[in-house]
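A.B. asks: Model the placement of chains D and G on the given structure of chain X, informed by the hints.
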Amino acid sequence: MTGSGRKLSRCWIAVALLAAIAIPAVAAASEAALPGDGHAWWFWPLILLVVTFIMGIFAVLGGVGGGVLFVPIISGFFPFHLDFVRGTGLLVALAGALAAGPGLLKANLASLRLAMPVALIASTCAIAGAMLGLALPTSVVQTALGATILAICVLMLTAKKSAFPNVPEADRLSSALAICGVYYEGSSGRKIDWKVHRTPQGLALFVIIGVMAGMFGLGAGWANVPVLNLLMGAPLKISVATSKFLLSITDTSAAWIYMNQGCVLPLMVVPSLLGIMLGSFVGVWCLKIAKPTFIRWMVITILAFAGVKALTKGLGITFF
Amino acid sequence: MAEHDSNSEYTVSQEQLLYAKFLEKGMIIGLVLLILTFAIYASGIIKPFIPKNEVSLYWSHTVTDYLHMANVHAGWAWLGMLGYSDFLNFIPIAILAGTTMICFLCIVPTLWRKKDKTYATFALLEAVILAVAASGILGSGGH
Amino acid sequence: MPLRKYVSEIAIPIDKYAVIDPEATLQEAIMSLRRSYCKMEEGICSETGPRTILVIDPSGQLAGIVDFRSLLRVLVPEVAGNVAERLEFLGVSVVFAEAGAEELGEAKEALVARVKNNAQIKVKEIMRKNKARVEADTTLIDALKLIFRKKLLMLPVYENEKLIGVVRDADLFLAVADIVVD
Numbered sequence: 001m002t003g004s005g006r007k008l009s010r011c012w013i014a015v016a017l018l019a020a021i022a023i024p025a026v027a028a029a030s031e032a033a034l035p036g037d038g039h040a041w042w043f044w045p046l047i048l049l050v051v052t053f054i055m056g057i058f059a060v061l062g063g064v065g066g067g068v069l070f071v072p073i074i075s076g077f078f079p080f081h082l083d084f085v086r087g088t089g090l091l092v093a094l095a096g097a098l099a100a101g102p103g104l105l106k107a108n109l110a111s112l113r114l115a116m117p118v119a120l121i122a123s124t125c126a127i128a129g130a131m132l133g134l135a136l137p138t139s140v141v142q143t144a145l146g147a148t149i150l151a152i153c154v155l156m157l158t159a160k161k162s163a164f165p166n167v168p169e170a171d172r173l174s175s176a177l178a179i180c181g182v183y184y185e186g187s188s189g190r191k192i193d194w195k196v197h198r199t200p201q202g203l204a205l206f207v208i209i210g211v212m213a214g215m216f217g218l219g220a221g222w223a224n225v226p227v228l229n230l231l232m233g234a235p236l237k238i239s240v241a242t243s244k245f246l247l248s249i250t251d252t253s254a255a256w257i258y259m260n261q262g263c264v265l266p267l268m269v270v271p272s273l274l275g276i277m278l279g280s281f282v283g284v285w286c287l288k289i290a291k292p293t294f295i296r297w298m299v300i301t302i303l304a305f306a307g308v309k310a311l312t313k314g315l316g317i318t319f320f
Numbered sequence: 001m002a003e004h005d006s007n008s009e010y011t012v013s014q015e016q017l018l019y020a021k022f023l024e025k026g027m028i029i030g031l032v033l034l035i036l037t038f039a040i041y042a043s044g045i046i047k048p049f050i051p052k053n054e055v056s057l058y059w060s061h062t063v064t065d066y067l068h069m070a071n072v073h074a075g076w077a078w079l080g081m082l083g084y085s086d087f088l089n090f091i092p093i094a095i096l097a098g099t100t101m102i103c104f105l106c107i108v109p110t111l112w113r114k115k116d117k118t119y120a121t122f123a124l125l126e127a128v129i130l131a132v133a134a135s136g137i138l139g140s141g142g143h
Numbered sequence: 001m002p003l004r005k006y007v008s009e010i011a012i013p014i015d016k017y018a019v020i021d022p023e024a025t026l027q028e029a030i031m032s033l034r035r036s037y038c039k040m041e042e043g044i045c046s047e048t049g050p051r052t053i054l055v056i057d058p059s060g061q062l063a064g065i066v067d068f069r070s071l072l073r074v075l076v077p078e079v080a081g082n083v084a085e086r087l088e089f090l091g092v093s094v095v096f097a098e099a100g101a102e103e104l105g106e107a108k109e110a111l112v113a114r115v116k117n118n119a120q121i122k123v124k125e126i127m128r129k130n131k132a133r134v135e136a137d138t139t140l141i142d143a144l145k146l147i148f149r150k151k152l153l154m155l156p157v158y159e160n161e162k163l164i165g166v167v168r169d170a171d172l173f174l175a176v177a178d179i180v181v182d
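Chains as they are written, first to last, in the numbering used here: chain X, 1 to 320; chain D, 1 to 143; chain G, 1 to 182.
With the rest of the complex left out, here is chain X:
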């Protein structure tokens, strides 16, 4: 095996070892099997930990946000109800955004000035979306979720990215609010001045994005970045960083609604959170060694499967 191939397979060995060590260790402390589904209390949390760990790695390797993977996959292939999955998913996405936020702000890659007006709209709509999502019958939400996931897959396959969009001049709104900035572009060593345009249209789109984020418990990175980058013209790095930062605000507002309704179970939240965070770090490490191109396809395919699963669950059809 080549050097990089050896190191990459070490990733998988590490994943397997994690599961192999964790199971006997926890078994030593387990209590009697429960009456319900015959498993000890730690069984499903452990599965969650391992699955979210792998999810975290794939999210990074596939160039996909962890937040968009959690709800579809966990709700599609696990016995948890959509209510709890959404609550957990929001907290998981939130934690990731909180962890990344300070670094991005300090490096001036996430722009507070760009984020705040957007956040006002997105967080209000996320609250509305969350309330709506909890009020609607599960089957309706499930069907809508399925359709949305499939649309996300299409978006991921087709949407372009623009490293430095051409913004001829800032529009009136963004000039009035002074939404612009300078950041240091590492790869070229230059300082880039940026500004945005089409701000009103962008803000209007964030209404929809906010509602969807709240209703489905998805991290909205897949939507934030195209709007900020392609529509409003912010450089790609600024868009990505500001989007991640925005998640911390949008997801906070929706998470509170879910929390106050009781949709948060520590036994689900903590393993998922730890799993995804650890997985992300391992993913970055793996990425520095090798980037298999098929992983993105694999991730989108799994996501599509999850979308179809959600759709069929919601519509009451049973294929698998």
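Hint data in this document are derived by calculation from the structure and do not stem from the laboratory.
Hints may contain errors.
[What the hints assert, rightly or not] For lysine-lysine, the following BS3-like pairs were computed, each having C-alpha atoms within a straight-line distance of at most 25 Å:
#1 K114(D) - K195(X)
#2 K191(X) - K122(G)
#3 K21(D) - K122(G)
#4 K25(D) - K195(X)
#5 K116(G) - K288(X)
#6 K21(D) - K124(G)
#7 K117(D) - K195(X)
#8 K161(X) - K191(X)
#9 K116(G) - K191(X)
#10 K16(G) - K122(G)
#11 K131(G) - K116(G)
#12 K162(G) - K150(G)
#13 K116(G) - K162(G)
#14 K16(G) - K162(G)
#15 K288(X) - K161(X)
C.D. replies: Only chains D and G this time, still in chain X's reference frame:
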């Protein structure tokens, strides 16, 4: 990534640095406490309200059914249940969820002093929106 | 006994030592350190010269010290920084990798440009405080004890409250080595 001020042409704004500072603190405190409270919960040192092996009975039902069957009250009622190790976990979760609200409140004075009334209002408004969400005033009917 | 010699006999005089102003940039510090550390005329860089620079403020007081570690920590924080700095760097990498922005490789591609940018930081922002000092009439053995106990690279030498030179761990080693050689 270096953050330097006087000797390079760009400066990270004061309020942005302040926000980042509080965000970092809240995040670290929340995460560390979460691991701690979860260890207490998982180890069984303090008894939880819902025994650990019964939780899986509830999570396949809707949240309304869960609240009803497990005799749990939604909203901020968890504050009264902190004697149980599962509800103890809600403290760090609330910290993580509440950090952004605190950050926005903290930057309002800085923005106001800079005479940036628009953004000061934005920050205050955002903190209010988050507080309203957190307060649980906006209940929903459930299924 | 050679080790009963005084520090002043083996110290490098201050006018032969690399010094720099607190307001200078790291770039200037690096060039000065490199010049004094390497025998540039011979085109090879062997450990002959001092590995540190003294930061002297305009009033002539010793403000701090700059050494390899403190320079590297700032120039390449993702490698040489402390845990918090490396985690922060990694956190940012996760974000860009998750979004599929091909610019992961803040470390790989951008190293040259970033190091150049970080070199514009001023010396006073990264210098270390001086932890110990000796007088000109301190014996070598006492100086050695101080260096080992506090894990230092060098000690500034003072006489009548005035900085007159520097004694390095290398010079103390050479003094001990003389015993063996003689």
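A.B. asks: Against this structure, judge whether each hint is valid.
C.D. replies: Each hint tested on the structure:
As the CA atoms of K114(D) and K195(X) are separated by approximately 21 Å, the hinted pair is consistent with the 25 Å bound. In summary, the hint linking K191(X) to K122(G) is supported, as the alpha carbons are separated by about 19 Å, within the 25 Å threshold. Between K21(D) and K122(G) the CA atoms are separated by roughly 23 Å; this keeps the pair inside 25 Å, and the hint holds. Using a Cα cut-off of 25 Å, the hinted pair K25(D) and K195(X) is violated, with the two alpha carbons roughly 31 Å apart.
Among the hinted pairs, K116(G) with K288(X) is consistent with the structure: their alpha-carbon atoms are about 23 Å apart, no more than 25 Å. At most 25 Å may separate the alpha-carbon atoms for a hinted pair to count; K21(D) and K124(G) meet this at roughly 23 Å. Restraint check for K117(D) and K195(X): the C-alpha separation of about 21 Å stays at or below 25 Å, so the hint holds. As the CA atoms of K161(X) and K191(X) are separated by approximately 20 Å, the hinted pair is consistent with the 25 Å bound.
The straight-line distance between the Cα atoms of K116(G) and K191(X) is roughly 13 Å, inside the 25 Å bound, and the hint therefore holds. Straight-line distance between C-alpha atoms of K16(G) and K122(G) comes to about 23 Å, which keeps the hinted pair within the 25 Å bound. A threshold of 25 Å between alpha carbons decides the hint, and for K131(G) with K116(G) the separation of about 29 Å lies outside it, so the pair is violated. Distance restraint check for K162(G) and K150(G): the Cα-Cα separation of roughly 22 Å lies within the 25 Å cut-off, and the hinted pair is therefore satisfied.
At most 25 Å may separate the alpha-carbon atoms for a hinted pair to count; K116(G) and K162(G) exceed this at roughly 36 Å. For the hint pairing K16(G) with K162(G), the CA-to-CA distance comes to about 16 Å; that is within 25 Å, so the pair holds. Of the pairs offered as hints, the one joining K288(X) and K161(X) holds, with about 21 Å between alpha carbons and a cut-off of 25 Å not exceeded.
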